[in-house]
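Colleague: These protein sequences, in sequence, are chains A and B.
According to the working numbering, the residues represented by the first sequence are 2 to 310, in order.
According to the working numbering, the residues represented by the second sequence are 19 to 325, in order.
Worth double-checking, as some hints may not be accurate.
[What the hints assert, rightly or not] Dumping the calculated DSS-like pairs for lysine-lysine here, alpha-carbon to alpha-carbon at most 25 Å:
id: 1; chain 1: B; residue 1: K69; chain 2: B; residue 2: K82
id: 2; chain 1: A; residue 1: K222; chain 2: A; residue 2: K301
id: 3; chain 1: A; residue 1: K7; chain 2: B; residue 2: K203
id: 4; chain 1: A; residue 1: K114; chain 2: A; residue 2: K209
id: 5; chain 1: A; residue 1: K209; chain 2: A; residue 2: K196
id: 6; chain 1: A; residue 1: K114; chain 2: B; residue 2: K312
id: 7; chain 1: A; residue 1: K45; chain 2: A; residue 2: K59
id: 8; chain 1: A; residue 1: K13; chain 2: B; residue 2: K203
id: 9; chain 1: B; residue 1: K69; chain 2: A; residue 2: K143
id: 10; chain 1: A; residue 1: K196; chain 2: A; residue 2: K222
id: 11; chain 1: A; residue 1: K110; chain 2: B; residue 2: K312
id: 12; chain 1: A; residue 1: K222; chain 2: A; residue 2: K302
id: 13; chain 1: B; residue 1: K82; chain 2: A; residue 2: K143
id: 14; chain 1: A; residue 1: K11; chain 2: B; residue 2: K203
id: 15; chain 1: A; residue 1: K214; chain 2: A; residue 2: K196
id: 16; chain 1: A; residue 1: K110; chain 2: A; residue 2: K196
id: 17; chain 1: A; residue 1: K214; chain 2: A; residue 2: K305
id: 18; chain 1: B; residue 1: K312; chain 2: A; residue 2: K196
id: 19; chain 1: A; residue 1: K214; chain 2: A; residue 2: K110
id: 20; chain 1: A; residue 1: K301; chain 2: A; residue 2: K214
id: 21; chain 1: A; residue 1: K209; chain 2: A; residue 2: K110
id: 22; chain 1: A; residue 1: K222; chain 2: A; residue 2: K209
id: 23; chain 1: A; residue 1: K196; chain 2: A; residue 2: K114
id: 24; chain 1: A; residue 1: K305; chain 2: A; residue 2: K222
Because the hints were derived from the structure by calculation, they are not lab data.
Since we're looking at a predicted model, the values are computed, not measured.
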Amino acid sequence: MPAFFKSLIKDKVLWFMVLPGTLWFLIFCYLPMFGTVIAFKDFKIHRDGFFASVLNSKWVGLENFNFLFSTEDAYIITRNTILYNLALISLGLFLAVGIAITLNELVNKRTAKVYQTAMFMPYFLSWVIISFFTFSFLSVDKGILNQVVVYFGGDPISWYGDTRFWPYILIFMGIWKSIGYSSVVYLAAIAGIDKSYYEAAMIDGASKWQQIKFITLPLLKPLMVTLTILAIGGIFRSDFGLFYQIPRDSGVLYSVTNVIDTYIYRSMSTTGNLGMSTAAGLYQSIVGFIMVLVTNSIVKKISKENAIF
Amino acid sequence: MAVFKRKPKEIDNNAITPLWNVVLNIIIGIFAFTCVFPFLFVIAISFTDEKVLALNGFSLLPEKYSLAAYQFVFNTGDQLLRSFGVTLMVTVLGTLISLFLITTYAYVLSRRSFRYRNYFSFFAFFTMLFSGGMVPNYIVATQFLHLYNTIWALILPIAMNAFFILVMRTFFQTSVPDALIEAAKIDGSGEFRTFLQIVLPISLPGIATIGLFCTLGYWNDWFNALLYIDDASLVPLQAMLMRIQNNMEFVIQNSMQMGSSFEIAATLPTETVRMAMVVLATLPIALAYPFFQKYFVQGLTVGSLKE
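Turn these sequences into a full structure, and let the hints guide you.
Modeller: Spelled out as structure tokens, the structure:
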């Protein structure tokens with residue numbers, strides 16, 4: 002490979018600059034990918050370190066996967082992960098675009114800016130802090146929601162012990178934290194639309210609603226499609242903090258709050274079954290990877306320019 | 019009586035009707051208010067008298083105010099102070115490391131003359147599509163790198179990610195023309211000097227954006243502490259809050275050496291102290307964020323551009 006060596010000499014500084022980042026990716030991303038082989042092993046920690054542990058563990062074939070899929074857990078966590086993500090993606094898209102268009106139309110730009118700033122705030126806080134916020138509403142004896150319930154003559158509800166409400170609470174919190182962030186992306190895209198389109202439409206007598214329907218939405222479509230593909234590609238992953246912190250790791254709620262990510266963490270930290278946890282992680286990664294490729298190729302068929310690659 | 023001259027308002031013929039404007043303002047206004055309300059609420063709770071709170075529950079306008087929670091935190095808050103220190107150090111050191119790694123890698127990807135840039139692009143972006151997962155990551159960090167209970171466990175695992183590189187590369191490509199780099203070369207500037215003295219200064223807005231994303235990431239991180247930190251002297255702020263969420267023991271044990279903690283726990287203003295700690299931990303970010311926001315919006319705009 003003479004071209005390779007020539008480049009090494011000619012671009013030696015660039016090679017030198019790309020090296021630290023490459024090492025980071027190797028160690029923190031590619032080495033763990035290699036580590037997924039322990040999904041097919043009975044993993045035991047060996048005193049000679051990481052490589053020895055991986056190499057010396059016994060192969061068990063698909064036993065870890067069999068074990069994972071023989072439990073009801075596999076079904077529950079897959080269902081929860083997919084349904085929550087579908088709700089978050091569709092509702093998030095609808096609200097983000099809606100809020101962006103509305104903010105753009107408000108007459109007083111200064112108040113619009115204030116709303117935007119307020120909505121952006123939750124994005125800056127961690128899930129830990131937001132879980133305290135949630136607790137101030139949902140606490141059984143002190144929470145403000147139960148005070149309202151009691152005021153209207155109801156019995157206090159044990160929020161952290163009743164599975165009925167959690168799908169709504171989690172979806173609400175997930176949207177609440179991210180909507181300020183995602184609406185800004187669309188707002189920026191709207192700001193980039195050529196004003197003359199609207200002027201021409203107005204002269205032709207188009208109503209506001211028609212302008213939104215025939216100008217704004219079609220021009221936002223590429224961005225909407227791209228971001229939705231990315232989100233669907235991540236449909237097997239979920240925001241660990243939302244599902245771990247907000248329900249306060251309450252065991253009673255696992256049937257409606259456990260997603261693949263929290264399941265992996267719990268089975269790793271409580272039962273210490275590393276082989277099976279890795280199997281769950283590999284299941285998540287492979288299906289996620291396929292999801293990205295499939296959604297991307299579907300989009301490519303429908304409209305080529307909207308595909309990511 | 020003075021007559022104020024009103025500036026003639028520009029009339030926008032395409033504006034929505036006043037009625038719609040009011041309706042939309044109310045809807046959006048209510049939602050915007052729910053986004054800041056919990057923060058105000060937690061502040062109110064932290065100033066509430068513990069006895070009143072035990073009797074009436076949380077309320078926005080408590081019957082009796084008290085500074086007891088803050089007094090407790092400031093008198094015995096060793097753990098809070100220490101966690102502040104850990105978080106501050108991780109944030110500063112981490113952001114510097116992240117910026118170094120991200121800018122150098124992204125710069126190489128932005129150089130069209132570099133023959134292998136597409137390979138390195140793929141190398142980075144593939145990690146967005148596929149990952150080893152939590153367990154192998156954990157094993158690599160603890161068994162291979164021995165990061166358990168070290169400050170590096172809070173920094174290294176989140177030092178880079180492909181998305182930031184994508185944003186930074188786009189920024190370099192759009193703000194630094196190739197001709198400028200060529201001109202520097204002709205003037206005898208070495209590759210590295212060009213990067214430091216020409217490319218980085220023009221790219222400051224992009225670097226500030228990514229720097230803020232990193233700062234926020236480190237400041238808010240609790241996940242790495244959950245996995246890798248057991249030693250109380252290394253627990254960062256968010257993880258400390260997470261621990262006191264369910265037991266005050268953590269605070270008591272770490273902040274009071276004398277006496278039986280059981281007795282103290284019985285007389286402690288627990289609920290208000292928790293909320294006071296939340297307020298103290300949130301305050302820096304809440305104060306800084308209107309300033310942050312400007313850059314984030316910029317960064318988002320850059321990031322959403324498809325090349």
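Colleague: Each hint needs a verdict: does it hold in this structure or not?
Modeller: Tested hints:
Simply put, B:K69 and B:K82 have alpha-carbon atoms about 9 Å apart, close enough for the 25 Å limit, and the pair holds. With a C-alpha separation of about 14 Å, the suggested pair A:K222 and A:K301 falls inside the 25 Å cut-off, and the hint holds. Taking the CA atoms of A:K7 and B:K203, the gap is about 19 Å. The hint holds against a cut of 25 Å. Between A:K114 and A:K209 the alpha-carbon distance is near 21 Å, which keeps this suggested pair within the 25 Å criterion.
The hinted pair formed by A:K209 and A:K196 meets the criterion: a straight-line CA distance of about 14 Å does not exceed 25 Å. For the proposed pair A:K114 and B:K312, the alpha carbon gap of about 11 Å is at most 25 Å, so the pair holds. Simply put, A:K45 and A:K59 have alpha-carbon atoms about 8 Å apart, close enough for the 25 Å limit, and the pair holds. At most 25 Å may separate the alpha-carbon atoms for a hinted pair to count; A:K13 and B:K203 meet this at roughly 15 Å.
Between the alpha carbons of B:K69 and A:K143 the distance comes to roughly 12 Å, so the proposed pair stays at or under 25 Å and holds. Between A:K196 and A:K222 the CA atoms are separated by roughly 18 Å; this keeps the pair inside 25 Å, and the hint holds. Straight-line distance between C-alpha atoms of A:K110 and B:K312 comes to about 16 Å, which keeps the hinted pair within the 25 Å bound. For the hint linking A:K222 to A:K302, the alpha-carbon distance of about 16 Å falls within 25 Å, and the restraint holds.
The suggested pairing of B:K82 with A:K143 holds, with an alpha-carbon distance near 16 Å, which does not exceed 25 Å. In summary, the hint linking A:K11 to B:K203 is supported, as the alpha carbons are separated by about 13 Å, within the 25 Å threshold. A threshold of 25 Å between alpha carbons decides the hint, and for A:K214 with A:K196 the separation of about 15 Å falls inside it, so the pair holds. Of the supplied pair hints, the one linking A:K110 and A:K196 holds, its CA atoms being roughly 17 Å apart against a limit of 25 Å.
Only pairs whose Cα atoms come within 25 Å are accepted, and A:K214 paired with A:K305 is accepted, the gap being roughly 22 Å. For the hint pairing B:K312 with A:K196, the CA-to-CA distance comes to about 23 Å; that is within 25 Å, so the pair holds. With a C-alpha separation of about 22 Å, the suggested pair A:K214 and A:K110 falls inside the 25 Å cut-off, and the hint holds. This hinted pair checks out: A:K301 and A:K214 have alpha carbons roughly 24 Å apart, not beyond 25 Å.
The suggested pairing of A:K209 with A:K110 holds, with an alpha-carbon distance near 18 Å, which does not exceed 25 Å. For the proposed pair A:K222 and A:K209, the alpha carbon gap of about 18 Å is at most 25 Å, so the pair holds. Taken as a hint, the A:K196 and A:K114 pair is honoured in the structure, with Cα atoms around 20 Å apart against an allowance of 25 Å. Taken as a hint, the A:K305 and A:K222 pair is honoured in the structure, with Cα atoms around 13 Å apart against an allowance of 25 Å.
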